Amino acid sequence: MNAALQKAITTLITSMADDALILGHRNSEWTGLGPIMEEDIAFSSMAQDKIGHAWALYRILQEHLGGEDPDQFAFMRAAKDFTCCHLAELPIGGYDFSLMRHFLFDHAEAVRYESLQQCSFEPLQQLSKKVKGELKYHTLHADAWLLQLCRGGEESRQRMQAALDRCFPLAAGIFEPGPQDALLADAGIYPGEQALYDKWLNTIYPLLVNASLNLPDPAEVAPQYGGRYGNHTPHLQALLQEMGEVFRLDPTAGW
Amino acid sequence: MTTGTTTIADIYAALEQVMDPEIPVLNVLELGMITGVTLYEGTAHIKMIPTFAACPAVSYIQQNIRATVNKLTGLPVQVTVDKEVHWQSNRLTDTAKEKLQHFGIAAPQVHEGELRAEIMLNTPCPHCHSENTYLRSPFGSTLCRAIHYCKDCGMVFEQFKPVE
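Protein chains in written order, with UniProt numbering: chain A, 1 to 255; chain B, 1 to 164.
There could be a bad hint or two in this list.
As the list claims (entries may be wrong) - Some chain A residues flagged as far from chain B (calculated, every beta-carbon gap over 12 Å):
#1 GLN6
#2 MET37
#3 ASP49
#4 GLY52
#5 GLU63
#6 ALA78
#7 VAL131
#8 LYS132
#9 GLY133
#10 ARG151
#11 GLY192
#12 TYR205
#13 ALA211
#14 HIS235
Claimed, not checked - Partial list, derived from the structure: chain A residues whose beta carbon lies under 7 Å from chain B:
#15 GLN48
#16 HIS53
#17 HIS141
#18 TRP145
#19 GLY244
Unchecked claim - Under 7 Å between C-beta atoms, here's a sample of chain A residues computed to sit facing chain B:
#20 GLU38
#21 SER45
#22 GLN126
#23 LYS130
#24 LEU140
#25 ARG159
The hints are simulated quantities; they were obtained by calculation from the structure and are not laboratory data.
Owing to the predicted nature of the structure, the values given are computational and were not obtained by experimental measurement.
Quick reminder that beta carbons are idealized off the backbone N, C-alpha and C, glycines included.
Build out the structure end to end from the sequences listed, making use of the hints.
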């Protein structure tokens with residue numbers, strides 16, 4: 001594999017892992033606060049899954065692409081060196097926001113891992129089979145609650161619509177094109193962000209219609225980009241501060 | 001037991017003693033976590049796979065495998081994660097499913113590759129065997145379990161989730 005391709009794959013995997021780690025941390029903030037016990041458990045479980053997926057991706061970087069130890073990489077980097085999307089880093093807000101973010105993000109991840117079933121980079125292809133199966137439960141959970149809340153009366157539906165309007169530009173930012181998309185597509189790594197975005201729209205549209213929600217016109221929406229290039233909202237810095245607090249007390253400690 | 005006489009069958013027999021920390025009635029073979037056992041130059045090489053990528057018990061289970069197999073065979077043991085195979089619930093043996101039922105956890109339905117949500121409907125209750133049940137949440141007390149409710153006997157019960 002040539003150096004340019006190696007760098008491009010590293011960039012792709014880092015973004016995927018950072019998204020999973022940061023949203024995993026956000027999900028964990030519902031632990032103890034969920035509106036009902038099952039939801040407390042669900043968000044806590046999804047946090048565990050996401051952080052596990054992030055770890056597995058960081059581990060690929062370490063084993064195959066000259067990356068650092070996953071813990072060091074996760075906890076010691078500065079905010080500008082993270083490439084997560086803005087959607088993942090925002091605070092949990094209300095349950096409507098968190099649920100809608102979960103719905104939009106997990107379908108995006110499902111589409112991404114589906115496309116990676118054909119990835120020519122073997123370690124990523126192998127991991128994607130496992131992650132794809134586990135994500136089924138995340139989308140199952142999101143779809144069930146989306147329907148339930150949208151059919152739970154007019155106030156409930158309106159709040160979900162407001163959450164969708166707020167989240168949609170952020171979610172479109174998941175698919176911020178990378179400088180190496182063409183290179184990655186040519187090498188058979190994955191089809192590129194634009195292709196995934198189109199697939200994602202096709203997936204979520206019928207689910208939103210079924211829940212009586214209106215998808216904002218994608219042509220009218222300016223996606224919230226920046227995260228993939230290290231430009232973040234101020235919320236990321238605060239999150240990293242808290243997430244790495246214990247680790248930084250003694251970065252060499254064994255756990 | 002001396003190294004010279006230990007066979008692959010002995011290593012498998014030792015693995016039967018390694019139980020899952022979260023479901024202590026099942027051993028790692030019944031769970032389908034072992035993908036290969038070889039004996040090479042006096043060392044037992046064991047390949048295993050975690051049930052879920054984020055399973056927090058993986059290194060603990062690996063440690064148990066090393067300690068138990070070493071104790072029962074006297075051999076040095078090397079445990080590695082097999083990346084070529086991924087775990088799916090169809091790997092659970094029939095014995096495992098029966099033990100799960102007795103433990104009060106419903107067994108996963110057998111799936112054909114692609115998992116569809118409908119498979120989770122009407123999961124038989126491990127207590128009264130009724131199929132008049134519904135999925136209460138796809139997430140339970142551990143990553144591998146879902147929560148169901150039985151409308152006939154009124155019990156909330158857990159299920160070992162089907163995973164593709």
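Each hint tested on the structure:
Annotated as non-interface, A/GLN6 keeps its C-beta farther than 12 Å from every C-beta of chain B; the closest such distance is 19 Å. With a minimum CB-CB distance of about 9 Å to chain B, A/MET37 fails to clear the 12 Å threshold, and the non-interface call is violated. Not every C-beta of chain B lies more than 12 Å from that of A/ASP49, the closest at about 5 Å, which undercuts listing it as non-interface. Distance to chain B contradicts A/GLY52 as a non-interface residue, since its nearest Cβ pair spans about 2 Å, not more than 12 Å.
Against chain B, the non-interface label of A/GLU63 is violated: not every CB pair exceeds 12 Å, the least being about 10 Å. Distance to chain B confirms A/ALA78 as a non-interface residue, since its nearest Cβ pair spans about 26 Å, more than 12 Å. For A/VAL131, the requirement that its beta carbon stay farther than 12 Å from each beta carbon of chain B is not met, with the minimum near 6 Å. For A/LYS132, the shortest C-beta to C-beta distance to chain B comes to about 8 Å, within the 12 Å cut-off, and the non-interface label is violated.
With a minimum CB-CB distance of about 4 Å to chain B, A/GLY133 fails to clear the 12 Å threshold, and the non-interface call is violated. No beta-carbon of chain B comes within 12 Å of the beta-carbon of A/ARG151; the shortest separation is about 17 Å. No beta-carbon of chain B is positioned within 12 Å of the beta-carbon of A/GLY192; the least distance is around 25 Å. At roughly 18 Å from the closest C-beta of chain B, the C-beta of A/TYR205 stays outside 12 Å, upholding its exclusion from the interface.
At the 12 Å boundary, the C-beta of A/ALA211 stays outside the reach of chain B, the nearest C-beta of that chain being 15 Å off. With a cut of 12 Å on Cβ distances, A/HIS235 stays outside the contact zone with chain B, its closest approach being about 24 Å. Taken as an interface hint, A/GLN48 checks out: its beta carbon lies about 5 Å from the nearest beta carbon of chain B, inside 7 Å. The restraint placing A/HIS53 at the interface with chain B holds, with a minimum CB-CB distance near 6 Å, inside the 7 Å limit.
For A/HIS141, the interface hint holds, the least distance from its beta-carbon to any beta-carbon of chain B being 5 Å, beneath 7 Å. For A/TRP145, the interface hint is violated, the least distance from its beta-carbon to any beta-carbon of chain B being 10 Å, above 7 Å. A least Cβ separation of about 19 Å between A/GLY244 and chain B goes past the 7 Å threshold, and the interface hint is therefore violated. Residue-level restraint check for A/GLU38 holds (minimum Cβ-Cβ distance to chain B is 4 Å; threshold 7 Å).
At about 4 Å, the closest approach between the beta carbon of A/SER45 and any beta carbon in chain B falls short of 7 Å, and the interface hint on this residue holds. Taken as an interface hint, A/GLN126 checks out: its beta carbon lies about 5 Å from the nearest beta carbon of chain B, inside 7 Å. For A/LYS130, the shortest C-beta to C-beta distance to chain B is roughly 4 Å, which falls under 7 Å, so the interface hint holds. Hint status for A/LEU140 relative to chain B: holds, with the closest Cβ pair at about 5 Å, below 7 Å.
The closest approach between the C-beta of A/ARG159 and any C-beta of chain B is roughly 22 Å, which is over the 7 Å cut-off, so the hint fails.
The structure does not agree with the numbered hints 2, 3, 4, 5, 7, 8, 9, 18, 19 and 25 stated previously, though it agrees with the rest.
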